[in-house]
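K.L.:
Top line first, the protein sequences correspond to chains G and S.
The first sequence runs contiguously to residue 341 in this note's numbering.
The second sequence runs contiguously to residue 583 in this note's numbering.
Worth flagging that the hints you see were computed from the coordinates, not collected in a lab.
Computed from a prediction, not measured in an experiment: that's the story for all the values here.
Some clues are possibly wrong.
Stated by the list, open to error - Straight-line distance between alpha carbons at most 25 Å, and here's what the computed SDA-like set of lysine to any residue pairs gives:
#1 144/G with 155/G
#2 246/G with 140/G
#3 137/S with 56/G
#4 69/G with 201/S
#5 69/G with 18/G
#6 69/G with 324/S
#7 69/G with 211/S
#8 137/S with 60/G
#9 69/G with 167/S
#10 137/S with 110/S
#11 144/G with 79/G
#12 69/G with 496/S
#13 69/G with 98/S
#14 69/G with 146/S
#15 137/S with 167/S
#16 69/G with 203/S
#17 246/G with 267/G
#18 137/S with 98/S
#19 137/S with 162/S
#20 137/S with 211/S
#21 69/G with 137/S
#22 17/G with 322/G
#23 246/G with 235/G
#24 144/G with 253/G
#25 69/G with 79/G
As the list claims (entries may be wrong) - Residues from chain G that keep clear of chain S, each with C-beta distances beyond 12 Å, as calculated:
#26 179
#27 255
#28 326
For every residue, glycine included, the Cβ atom is placed at its ideal position computed from N, Cα and C.
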Amino acid sequence: MAPSGGGYVLRKVGWALVTVLVVITFNFLLFRVLPGDPAKAGGKDPRLNPATAAALTERFGLDKQVFLDLDGGNPLDTQYFAYLGALARGDLGESYVFRDRNVVDLLGEALVNTLWLVLPSQAMSIVLGVMLGLVAAWKRRTGVDVAALAFSLFMWSLPTFFLGIILLFVGANWFDLPTSGRVTIGGVAGAWWDNLWDIGRHLLLPTLTLTLVLLGEYMLIMRSSVLEVFSEDYILTARAKGLSTYRIIRDHALRNAMLPLVTLIALNLAFTVSGAIQVEAVFSWPGLGSLTVDAVDQRDYPVLQGAFLLIAVAVVLANLLADLVYGWLDPRVAGA
Amino acid sequence: MRFHRFASLIAGLSLMLAACGGQGQSQGPAASGSGSGEGEGQTGGTLRVGIGGSPDSLNPGLGLLSESFEIYELVYDTPISITAEGEYEDELATDWVVADDGVTWTVTLRDDVTFHDGEPLTASDLKFTLELYRDHEEFPYQSSYPDVFETIEVVSDTELTIVTSQPIGNFEYRMLFMYVLPEHIWSAVEDPTTFENAEMIGTGPFKLTDFSHNEFTQLAAFDGYHGGRPNIDEVIFQRIENPDARVTALTTGEIDLLGEFPVTAVPTLRNAENIEVFIADVAAGGSLTDIIFNVVEPANCPTDDPETADVDETGICSAHPAISDVQVRRALAMATNKQELIDVGEGGLATAGLGLVPVGLGDFYPSDLEDYPYDVAAAAQMLEDAGYLDSDGNGVRECRADQDCETLTFRLNYPSDSDTLPREAEVIAGQWAQVGVTLEIQGIDPDTLTSICCPAFDYDVIMWGWGSDPDPQFLLGVLLCSEVATGFSESGYCNPAYDALYEQQGVETDAQTRIEQIHEMQRIALEDVPYIIPYYSQTVVAYRTDTFTGWPPADPSLGLTDPSSLRVIQPAN
């Protein structure tokens, strides 16, 4: 790395922290500005009497001022600083809807489920996408290229939800695959590999859907990146030196073509944390996407704030990582 | 208003049929026991029920969603329960009488009831339970049922006295949801309002074996149930978010029973093999769709006067002047074709509405009251006679000269999260256009709808819905003068005669007199038309016929996941 590499890292990390703080504040503000009162989230019902609504309002601290309390007493005894204080203690509050559970638990469970789904899908779509893009660029303007291109464009433009439903119908009716959930409830009697097989059967369709949907993007970016690299002078030099196409790709083109992909992969990995909302909805996969959608519907502010924070931190971290990896891969960037 | 799915909950509670053998993809651990006892009742199996939502809490005090109450009904017992015919019957209590003073009740309990952990149930548990619900305001629903139970005394292990703060005519109704909790567990809980109750120890026919938020709830039959062990071994409520996936799960046999699916799936299910579609009026409750008029009078418009408690918003009260004219509302009632709304919105699977008390509430429903006929000509004539003419012939009537408006153009709002209301709003607009009234339709999200509705009263017409309890007391309270400022009155209606009757029925102990008072209240409401009720939804359930048999075919029905159903079904082999 260039001598200013250390400064580069520090700058990037600094900006990351500032971004996170701005996100936290904006996040908090957003939910307070929207109309609607979570204490009345039970819906209009004569039995939800004013005493209950008042008790719930007090319990959630919604009766305090939002930012600054200038009516005497502690000016920092407000919702905002209460939130920051709790955050510092690692407490994301308790859910308004599941009033006996705290947000950290809910998010934790959902996150694990989402990772089960998204990490394999991302891995497969990256590997397949890169390979496909490479092959298409290598064999450009042949039938292989056209077919790969058509396939990828089709997959990329297909609505996730639609693909999911189609695969669900086909899978459930013709292949006896389950339509929902993570495992067969009631357990599967047998050894641990039976349980693994059960999870695998449930994971198959959602993973397939997500892989197919993400595949197209990686393929297309990889293909155009490789084609661009192929047009560079040093590739011409390599050809002139008599290297085979295979060696050109392996030793020269691939590394440089991967650069744009690094950023793409990092950002996509970050968004995996937000859960594949559509896939989770279609297959009733109890992940972060599902949780977020339900929380929006039910005005569950703490869960939403927690989820948004999680996503923001993940994206910022991934971005930071991408910057650092890029800086390492391409020394010209770090020195700038 | 949420369609609080209480009613569909009650409805859905009756079918717990044991699944016969290992249906679907996996062999459940309870696959044994099926096929035993040839010729006698079959037992065994795991019933799988597909639901779209998920219980929000295992703590009966905290539950808000119907999915939660579905589980409470199976895991807990209440002192008194209700039949599909609307009759109150014993569950934990064998007898209940009120003394001559009208406020002292003596309740006698069964002596053969045990909790799932083996401890016997005594009157002390009931006293503890009633006081727990009553004294915690943070319990959204449960705290209001026992609010009139002032003093509760244990007389013996099986006897209890309750002194109420006033005579009441609906003692049984208040007991319907008092899920009896084990004192020996709950008395050790520091804060019942945050208690997760993960073990859910109750006295009901089923006990909780496993639960995962937003995924599933697993129940197993309780051998020591005082009413006899259910035939089936297990029930699993499985969450399948996507409606199409739910329907597919039923047709492929992954689940055995499905209570929530789009009406468009009904023909598919009817044609599918081994699947029966069951349609019935909802017993002891029901949900209704309503059209609400903003009829709040300027004198009653909520203000932020510090004298009036409970008001945190100033009323805006922006109703179109013509809406306060009862002739306009009556004319619109006659211009509404309820059958068309039923066909469009519910695929024909609903009953035409009348008042706030649904048809499933038995005697409380005023079957001898005549609704406004659907008569477009008469409606148009009524508007003409009232002075609303269409002088420029553009199809929209103008206001009268003495009114502060131009034409009969009203705003119509509905909650945007509804599946059926968007289409129905269009249909209504078309119907009312025929009598010269134009509607500007806008769907908005439920919270925003609440904020313009009440107590702000910043709307003209709202389409929404309600779910009803077995007793009409709470729903009828929506038309009280006293509720205009609290935000529970959606229409802003205020009629002292109605309020007087409401007070009377609240303390009337003679059942027949009370019914008459309630009928009279509905007659008044029908005359003044603060609401038009297009229809009451029916319960529509689909189940597989090849896995379990013995489903109660009653109509009206308490629903197929109610204990009355789930205790009697058998595996089909």
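K.L.:
Does each hint hold? Answer for all of them.
P.N.:
To see whether the hints hold, each was checked on the structure:
1. Restraint check for residue 144/G and residue 155/G: satisfied, since their Cα atoms lie roughly 14 Å apart, inside the 25 Å limit.
2. The straight-line distance between the Cα atoms of residue 246/G and residue 140/G is roughly 23 Å, inside the 25 Å bound, and the hint therefore holds.
3. Proximity of residue 137/S to residue 56/G is assessed by CA-CA distance (about 23 Å); at most 25 Å being required, the pair is judged to hold.
4. Straight-line distance between C-alpha atoms of residue 69/G and residue 201/S comes to about 23 Å, which keeps the hinted pair within the 25 Å bound.
5. Restraint check for residue 69/G and residue 18/G: the C-alpha separation of about 35 Å exceeds 25 Å, so the hint is violated.
6. Proximity of residue 69/G to residue 324/S is assessed by CA-CA distance (about 20 Å); at most 25 Å being required, the pair is judged to hold.
7. Restraint check for residue 69/G and residue 211/S: not satisfied, since their Cα atoms lie roughly 38 Å apart, outside the 25 Å limit.
8. A hinted pair counts as satisfied when its Cα atoms are at most 25 Å apart, and residue 137/S with residue 60/G qualifies at roughly 24 Å.
9. Only pairs whose Cα atoms come within 25 Å are accepted, and residue 69/G paired with residue 167/S is rejected, the gap being roughly 47 Å.
10. Proximity of residue 137/S to residue 110/S is assessed by CA-CA distance (about 22 Å); at most 25 Å being required, the pair is judged to hold.
11. Note on residue 144/G and residue 79/G: the hinted pairing is violated, with a Cα-Cα distance of about 71 Å set against a maximum of 25 Å.
12. Proximity of residue 69/G to residue 496/S is assessed by CA-CA distance (about 21 Å); at most 25 Å being required, the pair is judged to hold.
13. With a C-alpha separation of about 46 Å, the suggested pair residue 69/G and residue 98/S falls outside the 25 Å cut-off, and the hint is violated.
14. Annotation: proposed proximity of residue 69/G to residue 146/S holds, straight-line Cα distance about 22 Å (limit 25 Å).
15. A hinted pair counts as satisfied when its Cα atoms are at most 25 Å apart, and residue 137/S with residue 167/S qualifies at roughly 11 Å.
16. Distance restraint check for residue 69/G and residue 203/S: the Cα-Cα separation of roughly 21 Å lies within the 25 Å cut-off, and the hinted pair is therefore satisfied.
17. Restraint check for residue 246/G and residue 267/G: the C-alpha separation of about 29 Å exceeds 25 Å, so the hint is violated.
18. Taking the CA atoms of residue 137/S and residue 98/S, the gap is near 21 Å; set against the 25 Å cutoff, the hint holds.
19. Between the alpha carbons of residue 137/S and residue 162/S the distance comes to roughly 6 Å, so the proposed pair stays at or under 25 Å and holds.
20. Straight-line distance between C-alpha atoms of residue 137/S and residue 211/S comes to about 17 Å, which keeps the hinted pair within the 25 Å bound.
21. Distance check on the hinted pair: residue 69/G and residue 137/S sit about 36 Å apart at the alpha-carbon level, beyond 25 Å; violated.
22. As the CA atoms of residue 17/G and residue 322/G are separated by approximately 10 Å, the hinted pair is consistent with the 25 Å bound.
23. With a CA separation close to 15 Å, the supplied pair residue 246/G and residue 235/G stays within the 25 Å bound.
24. Distance hint between residue 144/G and residue 253/G is fulfilled; the C-alpha atoms sit about 14 Å from each other, no more than 25 Å.
25. At roughly 12 Å between alpha-carbon atoms, residue 69/G and residue 79/G fall within 25 Å of each other, so this suggested pair holds.
26. Not every beta carbon of chain S lies more than 12 Å from that of residue 179/G, the smallest distance being close to 10 Å; the non-interface claim is violated.
27. Every C-beta of chain S lies more than 12 Å from that of residue 255/G, the closest at about 45 Å, which supports listing it as non-interface.
28. For residue 326/G, the condition that its CB be more than 12 Å from all CB atoms of chain S holds, with the nearest at approximately 31 Å.
In the structure shown, a violation is registered for the earlier hints numbered 5, 7, 9, 11, 13, 17, 21 and 26, in ascending order.
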